[in-house]
Structures are given as C-alpha cells and as structure tokens.
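If you read the sequences in order, they're chains A and B. Letter by letter, the first sequence follows residues 1 to 452 in the working numbering. Letter by letter, the second sequence follows residues 1 to 454 in the working numbering.
A couple of the hints might just be wrong.
Claimed, not checked - With a straight-line Cα cutoff of 35 Å, these simulated DSBU-like cross-link-like pairs (lysine-lysine) come out:
1) Lys150(B) <-> Lys251(A)
2) Lys388(B) <-> Lys311(A)
3) Lys198(A) <-> Lys211(B)
4) Lys319(A) <-> Lys276(B)
5) Lys388(B) <-> Lys128(A)
6) Lys198(A) <-> Lys388(B)
It is worth saying that the hints were derived from the structure and are not from the lab. The structure presented is a predicted model; accordingly, all values stated were derived computationally and were not measured.
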Amino acid sequence: MMRRALRLTAVMAGVALAAAACGSSGNNEAPESNASPTSTPTGTAGGAALPDLKGQTVEVAAVWTGDEQKNFLKVVKPFEEQTGATIKYTSTGDQIASVLTPRVKGGSPPDVAFLPQPGLMKQFVESKALKPVSNEVSSAVDANYSPVWKDLGTVDGKLYGVWFKASNKSTVWYNVHSFEDAGVQPPKTWDEFIDTAKTLSAAGQQAVSIGGADGWTLTDWFENVYLSQAGPQMYDKLTAHEIKWTDDSVKKALETLAQLWGNPELLAGGTTGALQTDFPTSVTKVFSDPPQAAMVYEGDFVAGVITSSTKAKLGTDAKFFPFPMVGDKPAVVGGGDVAVAFKDNPGAMALLQYLATPQAAEIWVKAGGFTSPNKNVSLDAYPDEISRQIAKALIDAGDSFRFDMSDQAPSAFGGTKGAGMWKDLADFLRNPKDVQGAMNALEADASQAYGN
Amino acid sequence: MTAPPETAERPGPPADKKETRGSSGERGRPSTAAAFLLPASIVLLVLMLYPIGFSVVRSLFDASGSSFVGVDNYIRMFTEPETFKAIRNNVIWVVVAPTVVTALGLIFAVLTERVRWSTAFKLVIFMPMAISFLAAGIIFRLVYEQDPGKGVANAIVVGVHDLFATSSQYPDARPREPQALVPVDHGFETRASVRLGGTVSLPLIGFAPGKMPENATDASPVQGSAGAPDRIEGVVWLDFAKGGGGTPGQIDPNEKGMPGVTVQAIQTGTVIDTTKTGGDGRFTFTDLSPGSYTIRLPASNFAQPFDGVTWLGPDLVTPSIIAAYVWMWAGFAMVLIAAGLSAIPRDALEAARVDGGTEWQVFRRVTMPLLSPVLLVVFVTLVINVLKIFDLVYIMAPGSVQPEANVLALQMWLVSFGGGNDLGLGSALGIFLFVLVLPAMLFNIRRFRREGDR
C-alpha cells in the first residue's frame with residue numbers, strides 16, 4: 001500500500017505536477033517552472049492520465065463554506081493546473097437538497113456535487129439525475145478505497161460516487177481536567193461509561209452534554225449503540241428497513257440509551273437542558289471555563305468546534321476516546337461527502353478521477369480538519385496526533401465501518417429537522433421511559449418514508 | 001403594502017378632490033387601454049396566475065409528479081397530525097399577533113402624537129422593521145438563550161427572582177447512600193432513628209469539591225458521646241475529594257466537612273431542635289429530652305438556583321416567537337396609525353372637547369371611529385402577513401421543539417423541500433394556505449375599491 005503511494009508520488013513528481021502541492025506542506029502553489037502543464041494531457045491520478053480540458057469549466061456544488069471552501073479550492077488547484085479546466089465552486093449552504101433539486105428539475109445542475117448523504121445520492125439516481133462514473137474513475141476507486149466505500153457509492157450495481165471526505169462519528173470528547181478532578185479514566189465499555197458518568201456526577205460535575213435541540217446528534221447516539229450492540233448485519237437491515245423499528249434489537253438499544261438519557265442527574269442541564277442545547281453549545285459547555293459538563297459525544301468535527309469556539313487545547317485540555325462498546329466489538333459509525341456527477345462530460349469525470357487519488361486528499365489532510373477514507377493516504381500527513389488517531393480508527397475499521405444510518409435513510413426520515421428519526425428520538429430523550437412509544441413512532445415514520 | 005389611500009386623500013380640502021376627479025374622468029379608446037394594460041397583464045399571467053394554476057394541478061399528483069392521485073394529497077393533509085398542529089398554531093398566530101401588534105401600534109401612535117421628539121421615538125420603534133426576519137430570529141434566539149449569562153430574557157427573570165428568593169449553599173448535593181438518607185420534601189431524612197447519645201454520619205455527594213466554602217476544613221469521624229446522654233452528635237461531609245478515590249461512606253483524607261448546613265432533629269414529625277454545622281461539618285444537639293429522633297437536612301440547604309424560563313421549550317415556544325414578531329411589526333402598525341391620526345380633522349376633536357368630553361371619551365367616541373378604517377387595514381394586512389409566517393419559526397424553534405412550533409408555511413416547506421420531497425403534498429398545503437389568505441385579501445381589495453369610489 002505504502003509502496004504504491006510512493007510510486008504514484010514519484011510519477012507525479014516526475015511530471016512536475018501536483019506533487020509540488022501535496023509533497024511540501026504549507027506550499028500549495030505550484031512552482032513557476034510548472035508554467036504550461038495544460039498543453040499536453042498529463043497526470044497520473046489513479047493510474048490513467050487526466051485529459052486536456054483547456055477552456056472548460058467544471059461547476060462544483062458542495063455545502064462547504066469558509067475555511068472548508070478555501071481548503072477545497074486548494075485541493076482542486078493542481079487539477080486546474082494539470083488539465084487547464086476552470087473549477088467554478090458554488091456553495092449551497094446547509095440545504096443542499098433544496099438547492100440541487102430545483103436545478104436538476106430545471107435542467108441546469110452543476111457538473112459535480114458533493115452530497116453529504118448516500119440517501120440523497122440514491123434519490124438522485126432514482127430520478128435519473130446522476131451519471132454513472134467512467135471506467136477510469138472506477139479503477140481509481142478500486143485502487144484507493146476499501147470495498148465498503150465502493151459499495152457506499154454504488155446504486156443498483158453501478159458506481160456513481162467517489163467518497164472524498166469522511167468523518168468518524170464514534171468519538172466521545174472529554175475535558176481532561178474534569179476527568180482528573182473526579183479521578184476517572186476514559187471508559188471502554190458502555191457499563192464503564194455509565195459508571196464514569198455516575199462518578200463524575202458524584203464529584204459534582206454535570207457528566208454528559210447532549211446537543212438534543214439538534215435531532216441529528218441523537219440519531220448518532222442511537223446508531224453507535226445499535227451498531228455496537230446488534231452488529232453490522234442487523235445495522236444494515238435496519239438501515240434498509242428490512243427489519244422493523246419495533247424489533248427487539250431496537251428495543252434493547254433504546255433501553256441501553258435510556259440508562260443514560262433516563263437519568264437527568266447525568267445530563268448537563270437535566271433533560272430540559274439537553275433538549276434546549278444545540279450542537280455547538282453542547283461542545284462549548286464541556287470546554288468552557290469553568291466547564292459545565294465533563295464529556296460530549298459527537299463525531300470528529302467536535303475538534304473543529306473546540307479549536308474555534310473555546311480556549312481548550314486539543315491533546316492537552318481536550319481528548320477523545322472511542323465510543324464505548326455496548327457489545328463485544330467496537331463500532332465505528334461515520335459520515336462523509338460523496339462526489340457525484342450530474343453530467344457525463346470529460347471535465348466532471350476527470351475531476352472525480354482526480355478526487356479519488358491520495359494526492360488530492362492529502363492536500364486537505366495537511367490543512368487539517370479533514371479525514372480521508374482513501375486507504376492510500378499516508379497517516380503521517382495528518383497534522384496532529386488526534387486527527388491521526390481518528391483517521392486510523394476509521395481506516396482500521398475497514399469493512400466493519402458503517403455509514404451513518406440517518407444519512408442513508410430517506411431524508412424525510414433521517415435528515416429533516418423536526419421530523420422522522422430526529423423528532424422521534426428527541427421525544428424519546430424527553431420521555432425515555434416510553435420505549436414502546438418511541439419504537440412505534442419510529443416505525444410509523446420509517447414505513448411512511450421508505451414506502452413499505 | 002402601500003399606505004392606505006384614504007390617509008393621503010383626507011387632508012386635502014374638498015375642492016381639490018373634486019378637481020382631481022374631474023381631470024381623471026376623461027377616458028381614452030378601449031384599444032389604448034388594452035395597450036397600456038398588456039404589460040401588466042402579461043406579468044400578472046406569467047408570475048401570478050400560471051404558478052397558481054400549476055400548483056393546483058401539481059397538488060393533484062403524487063410525490064414524483066408522474067401519477068394522478070386526485071384529492072389524495074388533500075385527504076392526507078387533513079389526516080396528518082402535523083398539519084393539525086400547524087393549523088392550531090396558525091390560528092393562535094392569527095388571533096394573537098395582529099391584535100397585539102395593532103393595539104401596541106395604536107398605543108404608541110397616540111402616545112407619540114403629542115410628545116416632543118416624537119419623530120425620534122417613532123424612528124426607534126420602527127427600526128426593527130429594517131431588520132430581516134432571519135436576523136431578528138437569530139437576535140431573539142440569543143435573547144431567549146437558556147443560560148442567564150447569555151440570554152437577556154432569562155437574565156431579567158433570574159435577576160428579579162433572586163431579589164425575592166436567595167439560592168442555597170449546596171445546590172445539587174445529594175446523599176451518598178439514598179437508602180440510609182431518604183428524600184423528604186426535597187430535603188433528606190435519616191431512615192433509621194437515632195437514640196440520645198448516638199452519632200450520625202451523613203455523607204453527601206454531587207457537589208464539586210472546588211466550590212466548597214473557604215471555611216470548610218477536613219472532616220473527622222465523630223466520637224461517641226456516651227458521657228452525655230442528652231446529646232446527638234454528627235457530621236455532614238462531602239464524601240468526594242478532588243481526584244476521586246477513597247471509600248464511599250467513610251471519611252477519607254482530604255474530604256471536607258460541609259459548613260453551614262441546617263440540621264433538624266425531629267420527633268414524631270415535629271421539629272424539636274435546629275442547628276447548623278461548623279467548619280468541619282460537625283453538629284451537636286444538646287439538652288434533648290429522652291426518646292428517639294430522626295435527623296433531617298431540610299430542603300433549604302439544597303434548593304436549586306433558579307435557572308430562568310425555558311422560553312423556547314415546547315410550552316412557550318409559540319408565544320415567544322410571537323413576541324419577536326410583535327417587536328418587529330409594532331413600528332409598522334404605529335407609523336400607519338399615526339398617519340391616520342394626523343388625518344383626523346382637528347375640529348371634530350375640538351368640538352368634542354368644547355362639549356365637555358374627557359380625553360378618554362374623546363378617544364373612545366371620536367378618535368376611534370374615525371380611525372377604524374386605518375386600524376382595519378393594518379389588522380387585515382397583518383393577518384395576511386402572519387398567515388404566511390415562516391422564517392421566524394424556522395430559525396427560532398430549536399429542532400427538538402420545531403414540531404410544537406410548526407405553522408402551515410413551514411409545514412409546506414418541510415414536506416416539499418425540507419426532506420419530504422413531496423411536491424404534491426406541498427402544493428396542496430400551498431393551495432390551502434392560499435385559500436386561507438383569500439378572504440383577507442378580498443376584504444382588503446374591496447376596502448381599497450370603496451376608498452377609491454369615495
């Protein structure tokens with residue numbers, strides 16, 4: 001794996017291309033000697049050469065704004081230099097589906113879009129809006145990704161998407177000083193986790209901060225417990241709604257969650273507080289001074305919130321531990337952004353092919369705040385220990401990694417503020433005694449959204 | 001909304017009016033009229049009538065738009081509980097918001113009429129109108145923030161509350177052994193009774209060692225006071241030292257006594273004696289009459305600090321959002337009503353005053369009737385505006401309570417774009433909303449026409 005990456009890098013360097021941007025950290029500008037790389041078809045991304053696209057414009061739409069947008073533009077810069085194409089980036093804001101759907105209906109979609117949910121990708125495939133990728137893209141994916149990621153980009157046997165960005169949503173972040181004050185260690189199993197929370201509470205701290213005002217944090221809680229407890233096979237079945245939400249495995253998972261959610265003493269601000277706290281606040285509560293809670297569960301992006309909105313330092317004040325095991329095996333639930341093509345043109349396909357290469361991913365990896373599902377991306381490229389551990393857990397999970405369930409479900413069920421899973425789990429957090437009621441509500445909403 | 005025409009017409013003397021009407025009375029040929037009307041009708045057709053017609057047609061098709069489903073979408077709409085909640089909230093909005101806004105606008109308009117610097121005052125009240133709903137929504141999310149340190153509303157409520165009730169020293173503290181020290185009226189009481197000469201040790205947890213009062217010293221076990229048979233001695237301590245460790249229920253090194261805890265000795269339900277713990281958490285009851293006692297730590301020790309009101313919780317979310325709306329629109333109502341007020345003929349008011357009417361009577365019997373057309377227009381305009389309320393609700397309601405705050409326009413957006421992807425049902429909701437707005441619009445149009453004919 002490593003050798004392959006080296007070979008690729010060597011070839012890249014040989015033709016004086018993106019290697020300049022990827023190889024040397026901090027310098028993302030191509031050197032001056034690379035003045036006319038556009039005159040000939042060049043590049044070796046994923047094995048096949050990138051075509052000459054001089055004068056073409058590739059429109060890319062994604063949810064990224066601010067720093068993420070800047071980093072993405074850095075990623076595509078070598079592509080522009082290699083092919084001569086111009087990338088036109090459009091930020092859709094949070095509501096990517098509401099932006100893309102009318103554009104598809106109106107016949108003017110972007111060439112490439114990054115979709116944050118496989119469910120959305122499936123919807124677009126079903127409405128025949130997406131184009132299957134070319135053979136070059138497909139072989140680039142084969143070379144750089146473990147099969148689970150290819151499966152996630154495949155609908156009805158055809159590959160539609162390249163997973164460019166990934167996130168590890170099985171991380172519990174904690175305030176190191178709070179743990180020291182209470183004399184507790186990061187727990188490994190769910191039972192230890194509950195005991196830890198109780199000890200923290202005995203020490204006069206609010207143990208767990210939950211961003212319950214945002215429903216998606218609650219779906220992530222459930223998914224981690226369910227995947228770890230019921231196993232990947234059951235997880236897949238529930239994701240596809242092949243088993244009902246009234247299944248015993250769901251009941252068990254909800255009862256497990258209720259050990260925490262049903263104990264207001266362990267929640268920051270009690271049940272009402274948890275339901276009124278949005279995700280960013282749930283993080284700042286833990287890492288503000290004085291802390292208002294000791295730990296918070298959410299994905300790797302918590303690190304970004306810690307750095308941007310608190311004074312806590314990652315690695316010294318703030319650390320994470322993997323989501324505690326409920327069953328015998330650790331679970332890694334994750335998310336990501338998949339690049340898909342709305343138009344079958346050389347520009348779009350070449351961009352997808354480029355995005356599947358480790359070179360493209362490493363540019364953003366080095367800039368920080370980014371985890372790549374690409375197995376050929378060197379772990380050394382990650383800028384610090386925490387992001388390296390996150391990436392390692394994700395890559396190590398290999399095929400036992402599972403994608404966020406709510407992101408794979410129809411968005412009416414898994415991705416709508418105030419509806420479906422978000423609402424039903426918020427109701428469950430409000431009243432954790434009513435396991436049966438929660439299961440019935442989930443099943444009712446699921447069967448409506450899945451249409452079965 | 002344009003300013004009601006009557007306010008513009010009234011101030012002019014009748015002679016002017018007649019002249020204006022005379023000059024506009026001449027009519028051109030129908031073809032000229034048609035030529036002038038054409039651009040407007042095209043715009044109307046393309047931008048108004050076609051979309052309405054299309055929505056009606058779309059509402060009769062399913063989610064994908066491929067198969068005709070008749071009135072199924074309408075049936076679904078009225079059988080889904082979400083829609084009912086949205087309709088209920090819309091009714092609350094329509095009843096409360098325009099009434100309050102109009103009333104406040106009237107009060108401001110009347111009060112500012114005779115104030116010096118009234119323009120400045122009006123400007124300030126009108127200013128929120130210049131802010132978009134989105135910005136106002138974000139501002140009010142901050143206002144309603146739960147943490148009194150951040151949210152103005154709770155800072156005020158907590159501040160007022162704390163003037164009358166002081167908080168306790170050890171909020172959140174609770175017994176280490178809930179079996180031995182059972183909750184009573186939010187305080188705690190020993191389950192086993194204590195005999196004279198006996199000792200009690202009461203370990204508490206759930207309070208941060210770092211927050212202990214400064215006069216707290218290391219706790220030490222109580223020796224029996226066998227020599228003093230009229231006494232009960234005991235210690236209340238924090239059974240948790242910084243860094244953890246130690247044996248639960250035992251006084252370990254570094255564990256501090258809890259000073260200032262009120263302790264009561266109770267016999268058959270009545271408080272016999274009350275004392276407070278010292279710096280090391282010790283307390284002693286002396287001169288007790290024989291018998292057995294239970295020891296109580298009353299609720300006053302553990303009262304939670306008042307945390308403010310959950311403004312954006314399920315119960316208060318709609319009123320809270322309406323308040324934000326009122327803040328925004330009171331200025332609008334005030335300006336229109338003030339314009340109406342200034343158009344009221346002074347002589348009518350003077351006449352009423354000369355006839356001996358009090359200010360209140362003049363207001364009730366003269367000002368109000370003359371003002372009522374303006375008030376109606378303002379009210380109806382607000383009704384239309386409130387029916388389609390969306391932004392404030394979408395932005396202000398936290399996800400977990402959004403279903404409680406739902407309104408029709410939001411529901412329409414949710415089912416069509418916000419994940420539901422069902423443009424059929426969305427169109428049906430849109431048509432329903434249109435039908436609801438229609439009477440108010442017709443009313444307004446008719447009013448304008450009547451004003452025009454006058």
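Hints numbered earlier in the text: which of these fail when held up against the supplied structure?
Numbers 1, 2, 4 and 6 - these are the hints that the structure violates, sorted from lowest upward.
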